[in-house]
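Participant: All chains should be built: construct the whole structure from the sequences, respecting the hints.
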Amino acid sequence: MVQQLTKQKAERVVAAKIGLGERFLNLFKRRDLLALLIAKELSVKYKNSVLGFAWSMLNPALMLAVWYFIFQVVLGSAIQYFAIYLMSGLLAWNFFASSVQGATTAVVENGEIVKKVAFPRELLVIAKVGQSAVFFLFQAIVLAVAMAVIEYKPSLQALWLVIPAFFAAALFGCALGLILSALNVYYRDIQHFVEIALFAWFFAVPVVYSYTATLGPKLSSKGVENFLHAVGLGWFHLPWLYLADPIAPVILSFSRAIYGLRYGNFGGQIRPIVPHHSLVWFLGLDLYSIFVGLVLFLIGLKIFSRMEANFAEEL
Amino acid sequence: MSYSIKVNKVSKKFRLYDQRYTSLKERVIRLGKIPHREFYALNNVDFSVSEGESIGILGRNGSGKSTLLKCIAGILRPSEGEVRVRGRLAAMLELGAGFHPELSGRDNIFLNGSLLGFSKKDIQRKFDEIVAFSELSKFIDTQVKHYSSGMFARLGFAVAINVEPDVLLIDEVLAVGDEAFQAKCIEAVKNFQKQGKTIVLVTHAPDLVRANTTRALVLNEGVLISDATPGESIKVFREELIALDTEKNDQKTKKDDESVWQKIKIKHCQIEALKLGASIDSSSGLKVIYDYESELQGQPAIVSIELHDLHGNLIFSIDSGDLEEEIYLENNGRIIFEFSSMPLLDGVFSISLQIKAKATGEILAWRDSLEKFEVLNRSKKRGLVDLEVKLIHARMDSY
Chain W
1 MVQQLTKQKA ERVVAAKIGL GERFLNLFKR RDLLALLIAK ELSVKYKNSV LGFAWSMLNP
61 ALMLAVWYFI FQVVLGSAIQ YFAIYLMSGL LAWNFFASSV QGATTAVVEN GEIVKKVAFP
121 RELLVIAKVG QSAVFFLFQA IVLAVAMAVI EYKPSLQALW LVIPAFFAAA LFGCALGLIL
181 SALNVYYRDI QHFVEIALFA WFFAVPVVYS YTATLGPKLS SKGVENFLHA VGLGWFHLPW
241 LYLADPIAPV ILSFSRAIYG LRYGNFGGQI RPIVPHHSLV WFLGLDLYSI FVGLVLFLIG
301 LKIFSRMEAN FAEEL
Chain G
1 MSYSIKVNKV SKKFRLYDQR YTSLKERVIR LGKIPHREFY ALNNVDFSVS EGESIGILGR
61 NGSGKSTLLK CIAGILRPSE GEVRVRGRLA AMLELGAGFH PELSGRDNIF LNGSLLGFSK
121 KDIQRKFDEI VAFSELSKFI DTQVKHYSSG MFARLGFAVA INVEPDVLLI DEVLAVGDEA
181 FQAKCIEAVK NFQKQGKTIV LVTHAPDLVR ANTTRALVLN EGVLISDATP GESIKVFREE
241 LIALDTEKND QKTKKDDESV WQKIKIKHCQ IEALKLGASI DSSSGLKVIY DYESELQGQP
301 AIVSIELHDL HGNLIFSIDS GDLEEEIYLE NNGRIIFEFS SMPLLDGVFS ISLQIKAKAT
361 GEILAWRDSL EKFEVLNRSK KRGLVDLEVK LIHARMDSY
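Line order of the protein sequences matches chains W and G. Under this note's numbering, think of the first position of the first sequence as 1, with each following residue one higher. Under this note's numbering, think of the first position of the second sequence as 1, with each following residue one higher.
There's no promise every hint is true.
Result set (DSS-like, lysine-lysine): computed pairs, CA atoms no more than 25 Å apart in a straight line [what the hints assert, rightly or not]:
1. K145(G) x K184(G)
2. K120(G) x K29(W)
3. K115(W) x K13(G)
4. K17(W) x K29(W)
5. K29(W) x K6(G)
6. K235(G) x K372(G)
7. K235(G) x K287(G)
8. K380(G) x K390(G)
9. K145(G) x K115(W)
10. K9(G) x K115(W)
11. K29(W) x K126(G)
12. K145(G) x K120(G)
13. K9(G) x K45(W)
14. K6(G) x K17(W)
15. K302(W) x K13(G)
16. K45(W) x K120(G)
17. K153(W) x K45(W)
18. K287(G) x K356(G)
19. K358(G) x K267(G)
20. K17(W) x K13(G)
21. K29(W) x K121(G)
22. K17(W) x K9(G)
23. K6(G) x K115(W)
24. K356(G) x K267(G)
25. K380(G) x K115(W)
26. K126(G) x K138(G)
Listing some non-contacts, in silico: residues in chain W with all C-beta distances to chain G over 12 Å [stated by the list, open to error]:
27. F53
28. W67
29. N110
30. P120
31. L123
32. A148
33. S155
34. P217
35. L228
36. Y242
37. L243
38. R262
39. L294
40. V295
Because the hints were derived from the structure by calculation, they are not lab data. Note that the Cβ used here is the ideal one computed from N, Cα and C, for glycine as well.
Facilitator: Quick look at the structure:
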């Protein structure tokens with residue numbers, strides 16, 4: 001870098017618009033800063049608590065215990081090993097939801113830096129997603145330990161599905177984060193709406209229930225199909241709508257990879273808890289999510305770029 | 001010579017709201033329509049800075065100078081035009097901006113350096129120098145929230161100056177910390193100049209500009225009104241300040257004369273420089289003439305005059321008693337104060353006149369700081385008073 005500078009000093013242009021290409025290049029150039037921002041978030045969060053990082057493992061472990069107690073012991077879910085099912089979905093959901101929630105406030109929270117220092121502001125958003133990824137890892141460890149303790153075997157040949165699914169969630173989370181964080185600078189109540197929206201969203205994806213065992217049959221039941229046919233939408237299937245949510249495939253893939261293919265007795269009917277399809281079917285859905293995430297990420301970056309020009313004044 | 005900073009027809013438009021709506025709810029209720037006015041914080045500003053040049057940017061509060069600096073730094077983006085900067089840039093808008101209170105000094109050096117655009121390797125290489133410069137080696141692993149404001153500023157300056165930027169933007173930050181550290185900062189900036197680096201200094205202190213730069217710009221309401229040597233630009237800046245003050249005081253004048261002081265009315269005041277010109281220099285004299293009208297003919301009075309600087313500090317004061325002059329009021333009178341020289345340095349000074357009844361001490365008329373004059377210093381002297389000085393240096397035994 002230094003030698004390069006003595007030859008030819010890099011020229012930087014500050015104009016009304018910054019091209020997307022330059023933004024991507026900046027993201028790559030400033031990866032050191034991204035790492036430091038994530039480290040900052042983590043160390044600020046845990047420096048003052050006695051248990052430090054251990055705390056972040058204890059939290060999901062306790063949650064696992066509570067969920068297990070309620071659904072398995074008290075309510076008696078038809079889903080075997082419900083805690084494992086739940087945690088595999090929750091692992092992915094928590095990563096996504098905390099990414100979006102954290103990213104929404106990222107710019108406002110760091111207002112003091114944004115007002116005084118010039119750097120690619122989208123790094124703040126991506127750092128929040130990175131921070132969530134670290135928590136994701138902690139939770140994964142907790143889940144792995146729990147599974148080892150009860151000797152639960154994941155479906156090893158399907159485990160790789162978590163990789164495209166994770167990538168889809170990260171991309172989609174970044175995309176939403178970019179848009180929401182920029183909007184939140186101008187309208188500070190966005191963060192409250194996001195909270196409520198995420199709460200509702202949680203129930204629109206199969207984390208606490210099984211899609212194939214409960215909702216799926218209802219969405220594709222005779223009655224619904226007949227109705228759609230009657231209104232001239234015979235070609236349409238409601239399950240498509242459900243799976244069009246880019247996060248649904250992510251949750252399904254995680255369940256398939258970690259919880260595996262199991263069946264349950266639902267009101268006398270034996271049904272698969274996770275869709276009984278080939279792994280390619282899951283991968284296809286994940287690729288769809290990645291595609292949606294990528295498109296939205298580009299749009300998000302564009303919106304963020306436009307709104308960013310006045311961040312320093314609005315904060 | 002090649003440029004280091006090129007500001008190319010830059011304008012920055014802001015929206016001014018009568019009332020800020022910062023929630024989506026309000027926005028929805030108002031159906032998206034929010035009354036606002038648009039104004040240009042910067043209007044077609046165009047200049048460039050050569051490599052190795054040190055320039056100052058002067059302007060009142062709200063003149064757009066900080067907006068300009070933020071555009072150069074890349075914190076704000078211009079609405080029109082562009083800024084080109086060659087080489088690495090460090091902006092010191094506020095020392096220690098971006099420090100996180102919960103992190104240690106060490107962590108903050110890395111974070112801050114990285115925010116300023118330097119790689120981890122660069123910072124590692126410079127780490128010891130930064131710590132040494134900040135004089136904080138004992139506290140480097142302490143959380144920054146336990147630092148004093150001086151320590152905070154020291155660390156901030158140390159990071160910004162030690163990561164070898166090519167261009168340094170400074171916004172009135174040298175006014176922090178203790179004196180010893182301030183001197184160190186100024187020395188560091190001077191070293192910077194010697195190394196042929198580019199410096200942009202934004203301030204409203206003409207003295208700093210005079211001492212540290214070779215060229216100065218003046219901004220007024222977003223428009224560049226001067227781009228010249230420091231001396232000339234400072235003069236433009238001063239005149240603009242005076243113009244603004246007179247405007248503000250016009251209404252006040254009427255009120256003072258018409259309603260408050262009924263027994264004596266000061267009709268007219270005139271400042272006459274003994275040497276001609278818009279501003280005076282230290283060696284020229286000054287004549288202040290007040291014309292008044294009163295109903296108290298023959299009554300003994302005390303007349304006093306005061307000079308203040310623009311911050312309201314009293315520079316000089318004297319009254320007719322001190323001068324052993326007996327004053328008896330006339331129907332139509334004239335008071336003249338004649339100064340044979342004005343040994344002051346750069347500045348705008350205001351004159352106040354007071355007329356009191358000698359017997360009771362009652363204030364009969366008071367014309368407060370309405371008239372101003374400017375002293376322009378043509379030498380390199382800085383400060384308030386123009387002292388005559390001679391420098392002698394020799395071997396000890398020869399003198």
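Participant: Against this structure, judge whether each hint is valid.
Facilitator: We went through each hint and held it up to the structure:
1. Pair hint K145(G) plus K184(G) holds up; C-alpha atoms about 24 Å apart against a cutoff of 25 Å.
2. Between the alpha carbons of K120(G) and K29(W) the distance comes to roughly 12 Å, so the proposed pair stays at or under 25 Å and holds.
3. For the proposed pair K115(W) and K13(G), the alpha carbon gap of about 17 Å is at most 25 Å, so the pair holds.
4. The suggested pairing of K17(W) with K29(W) holds, with an alpha-carbon distance near 19 Å, which does not exceed 25 Å.
5. In summary, the hint linking K29(W) to K6(G) is supported, as the alpha carbons are separated by about 24 Å, within the 25 Å threshold.
6. Between K235(G) and K372(G), the direct Cα distance comes to roughly 15 Å. Compliance with the 25 Å bound is thereby established for this hinted pair.
7. At most 25 Å may separate the alpha-carbon atoms for a hinted pair to count; K235(G) and K287(G) meet this at roughly 22 Å.
8. Of the pairs offered as hints, the one joining K380(G) and K390(G) holds, with about 14 Å between alpha carbons and a cut-off of 25 Å not exceeded.
9. Under the criterion of a C-alpha separation no larger than 25 Å, the hint pairing K145(G) with K115(W) is consistent with the structure, at around 20 Å.
10. The hinted pair formed by K9(G) and K115(W) meets the criterion: a straight-line CA distance of about 23 Å does not exceed 25 Å.
11. Taking the CA atoms of K29(W) and K126(G), the gap is about 20 Å. The hint holds against a cut of 25 Å.
12. Under the criterion of a C-alpha separation no larger than 25 Å, the hint pairing K145(G) with K120(G) is consistent with the structure, at around 23 Å.
13. A C-alpha spacing of about 45 Å is found between K9(G) and K45(W), which places the hinted pair above 25 Å, so the restraint is violated.
14. For the suggested pair K6(G) and K17(W), the alpha carbons sit about 17 Å apart, so the restraint of at most 25 Å is met.
15. Proposed proximity of K302(W) and K13(G) is supported: the alpha carbons are some 20 Å apart, at most 25 Å.
16. For the proposed pair K45(W) and K120(G), the alpha carbon gap of about 23 Å is at most 25 Å, so the pair holds.
17. As the CA atoms of K153(W) and K45(W) are separated by approximately 34 Å, the hinted pair breaks the 25 Å bound.
18. With a C-alpha separation of about 21 Å, the suggested pairing of K287(G) with K356(G) holds against the 25 Å cut-off.
19. For the given pair, K358(G) sits about 22 Å from K267(G) by alpha-carbon distance, which is consistent with the 25 Å threshold.
20. Taking the CA atoms of K17(W) and K13(G), the gap is about 14 Å. The hint holds against a cut of 25 Å.
21. Restraint check for K29(W) and K121(G): satisfied, since their Cα atoms lie roughly 13 Å apart, inside the 25 Å limit.
22. Among the hinted pairs, K17(W) with K9(G) is consistent with the structure: their alpha-carbon atoms are about 15 Å apart, no more than 25 Å.
23. With a C-alpha separation of about 22 Å, the suggested pair K6(G) and K115(W) falls inside the 25 Å cut-off, and the hint holds.
24. Between the alpha carbons of K356(G) and K267(G) the distance comes to roughly 17 Å, so the proposed pair stays at or under 25 Å and holds.
25. The straight-line distance between the Cα atoms of K380(G) and K115(W) is roughly 37 Å, outside the 25 Å bound, and the hint therefore fails.
26. Distance hint between K126(G) and K138(G) is fulfilled; the C-alpha atoms sit about 18 Å from each other, no more than 25 Å.
27. For F53(W), the non-interface assignment is confirmed: its Cβ lies about 16 Å from the closest Cβ of chain G, beyond the 12 Å cut-off.
28. Annotated as non-interface, W67(W) keeps its C-beta farther than 12 Å from every C-beta of chain G; the closest such distance is 32 Å.
29. With a least CB separation of 9 Å from chain G, N110(W) falls inside the 12 Å interface cut-off, contrary to its annotation.
30. With a minimum CB-CB distance of about 10 Å to chain G, P120(W) fails to clear the 12 Å threshold, and the non-interface call is violated.
31. Distance check for L123(W) against chain G: the nearest CB is about 10 Å away, which does not clear 12 Å, and the non-interface claim fails.
32. For A148(W), the shortest C-beta to C-beta distance to chain G comes to about 35 Å, beyond the 12 Å cut-off, and the non-interface label holds.
33. Every CB of chain G is more than 12 Å from the CB of S155(W) (nearest about 41 Å), matching its label as outside the interface.
34. Annotated as non-interface, P217(W) keeps its C-beta farther than 12 Å from every C-beta of chain G; the closest such distance is 38 Å.
35. With a cut of 12 Å on Cβ distances, L228(W) stays outside the contact zone with chain G, its closest approach being about 34 Å.
36. The beta carbon of Y242(W) is kept farther than 12 Å from every beta carbon of chain G, the shortest such distance being approximately 28 Å.
37. The Cβ of L243(W) sits about 30 Å from the closest Cβ of chain G, beyond the 12 Å cut-off, so the non-interface label holds.
38. Residue placement check: R262(W) keeps its beta carbon more than 12 Å from all beta carbons of chain G (closest about 44 Å).
39. Every beta carbon of chain G lies more than 12 Å from that of L294(W), the smallest distance being close to 26 Å; the non-interface claim holds.
40. The beta carbon of V295(W) sits about 25 Å from the closest Cβ of chain G, which is more than 12 Å, so the claim that it is off the interface holds.
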